[in-house]
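Under the working numbering, the first residue of the sequence shown carries the number 4, and numbering increases by one thereafter.
Errors might be hidden in some of the hints.
Estimated spans, in silico, between C-beta atoms of each pair [claimed, not checked]: (1) N301 with A19: 19 to 29 Å; (2) T116 with R202: 22 to 32 Å; (3) R238 with G282: 22 to 32 Å; (4) D375 with D48: 15 to 25 Å; (5) G282 with W314: 44 to 54 Å; (6) D146 with G78: 20 to 30 Å; (7) D114 with V274: 17 to 27 Å; (8) G199 with E175: 23 to 33 Å.
Derived pair list, reagent style DMTMM-like, types lysine to aspartate or glutamate, alpha-carbon separation capped at 25 Å [as the list claims (entries may be wrong)]: (9) K36 with D87; (10) K39 with D367; (11) K50 with E27; (12) K50 with D243; (13) K290 with E212; (14) K290 with D367; (15) K39 with D113; (16) K50 with E356; (17) K290 with D313; (18) K39 with D114; (19) K36 with E49; (20) K50 with E84; (21) K39 with D364; (22) K290 with D364; (23) K36 with D313; (24) K50 with D114; (25) K39 with D99; (26) K290 with D223; (27) K290 with E356; (28) K39 with E27; (29) K36 with D359; (30) K50 with D367; (31) K290 with D303; (32) K50 with D344; (33) K36 with E101; (34) K290 with E348; (35) K36 with D367; (36) K50 with D375; (37) K39 with E84; (38) K36 with D48; (39) K50 with D383; (40) K39 with E212.
Note that these hints are calculated values from the structure, not bench results.
A quick note: this is a predicted structure, and the numbers were derived from the prediction, not measured.
Where is the CB? At the ideal position from N, CA and C, for every residue including glycine.
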Amino acid sequence: MDTFQPAFSSWLNAPAHQQWLAAEGLRLLAFAKASKLPEGFGNLDEKGRLPANARAETMNTARMTHSFAMAHIQGLPGFAELVDHGVQALSGPLRDAEHAGWFAVAQHRDDNTGKAAYLHAFVALAASSAVAAQRPGAQSLLDEAIRVIDTHFWSEEEGAMRESFNRDWSEEEAYRGANSNMHATEAFLALADVTGDNRWLVRAQRIVERVIHGHAAANDYLVVEHFDRDWQPLREYNHDNPADGFRPYGTTPGHGFEWARLLLHLEAARVQAGMLTPGWLATDAQKLFDHNCRHGWNVDGLPGIVYTLDWNNRAVVRHRLHWTHCEASAAASALLKRTGDEQYETWYRLFWEFCDSHFIDRCDGSWHHELDPQNRPSADIWGGKPDLYHAWQAVLIPRLPLAPSMATALGQLSQSAPV
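Required output: the full structure, derived from the provided sequences and hints.
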């Protein structure tokens, strides 16, 4: 971890807290192993079982492959085969062998043959982590993911990702999304590390300049999520479907926290690479965190961060999602390392106390993925417990430097550990 010597007692330096994070990570990983299907990884129910109709999905397969690769890099036995399984699935049944790119589910059995930037960002992330883990077939998968991103999704003119296409890439969706570009930023940081090519850091900064330093900054540092093809905000997008799991109406505080962390990773990566690095990256990260805490936490009289807000910063969907709180705690730890400001220690502890009390399920395993407005487990937006990625990263990030990206950082730590 970065040298971090605050003038106060910090959990980030407490051996017991580090051990607690590591133990929670092992518990999460053990639960997620049951998600394996012949064609990839599927969605587990609340008891950690695969439903009878479970099917392999690209999003979950990519996220699991990325997560299991980081477990393997750390030297945890039992994950190499799972990484290899994910690489094989992403190289086989989940991939479109005819037109290139990846379907949402194996053999497009959901009748959706479209190609989404969001999914392709996760494929690239998974491939990069598998390369860092030195697994067979990973480099070929990474090469293909990069080729597809370069050929179809990256817009040099816009400095951002195009959103989606039909199967043969002949028709493009007239929409631009902050969410897909956020996960592209995450993937690009990892690609820069495993390829040694700093163009990915250039691209990541261009995305951040548009989505955060431009649009979010003009919206009181609450992330504008939806745009038309010319990057004009679509403020009424999904007004009639406000709780959509991927494109909800209004602003999403959880994404504000996620972006805040990514800005700090980008700043650290560019500094490490000797690149010119604007000071606004850290300033914008702090403002994103501060403003989303102010408008998202405890806004309805109960603790927790609401899922969405309207354009007057009023809670729309008051459910608390686990991934939002994972990103909030991870952002607090990143800002704490970057600034040494004690306010982030306070938030970091508060978020973990809330997660420990409300999300961590010590009866059936893993974490409840969703709480209702009264902070009781629910399944209105997300059913079951399919997501390892967010909670696993939340217990890793406080133990790692801001750069390089996680899989690469874990590999470097394993090389420097005392014998």
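Q: Decide if the proposed pair is consistent with the structure: K36 and E49, CA atoms, cutoff 25 Å inclusive.
A: holds (14 Å)
Q) Does the structure keep K36 and D359 at a Cα separation of 25 Å or less? A) The given pair, whose Cα atoms are some 22 Å apart, holds under the 25 Å limit.
Q.
15 to 25 Å was suggested as the range; check whether the CB atoms of D375 and D48 agree with it.
A. At 18 Å between Cβs, range holds.
Q: Sort out whether D303 lies within 25 Å of K290, counting only the CA atoms.
A: Holds, because 22 Å separates the two Cα atoms, which is no more than 25 Å.
Q | Pairwise hint evaluation, D243 against K50, where the allowed Cα distance is 25 Å at most | A | violated (32 Å)
Q) Is the straight-line distance between the alpha-carbon of K50 and that of D383 25 Å or less? A) Holds - the C-alpha atoms of D383 and K50 are around 17 Å apart, at most 25 Å.
Q. Is the hinted pair K50 and D114 satisfied, with a Cα-Cα distance of at most 25 Å?
A. violated (29 Å)
Q.
With the threshold set at 25 Å, check whether the alpha-carbon distance from K39 to D113 stays at or below it.
A. Holds: K39 and D113 sit about 19 Å apart, inside 25 Å.
**Q.** Proposed proximity, D344 with K50 (alpha carbon, max 25 Å)
**A.** violated (40 Å)
**Q.** Pairwise hint evaluation, D99 against K39, where the allowed Cα distance is 25 Å at most
**A.** The given pair, whose Cα atoms are some 21 Å apart, holds under the 25 Å limit.
Q | G199 paired with E175, Cβ distance criterion 23 to 33 Å | A | holds (31 Å)
Q. Does the Cβ-Cβ separation between N301 and A19 fall within 19 to 29 Å?
A. holds (28 Å)
Going down the numbered hints, you'll see the structure goes against 5, 7, 12, 14, 22, 23, 24, 32, 33, 40, while the others check out.
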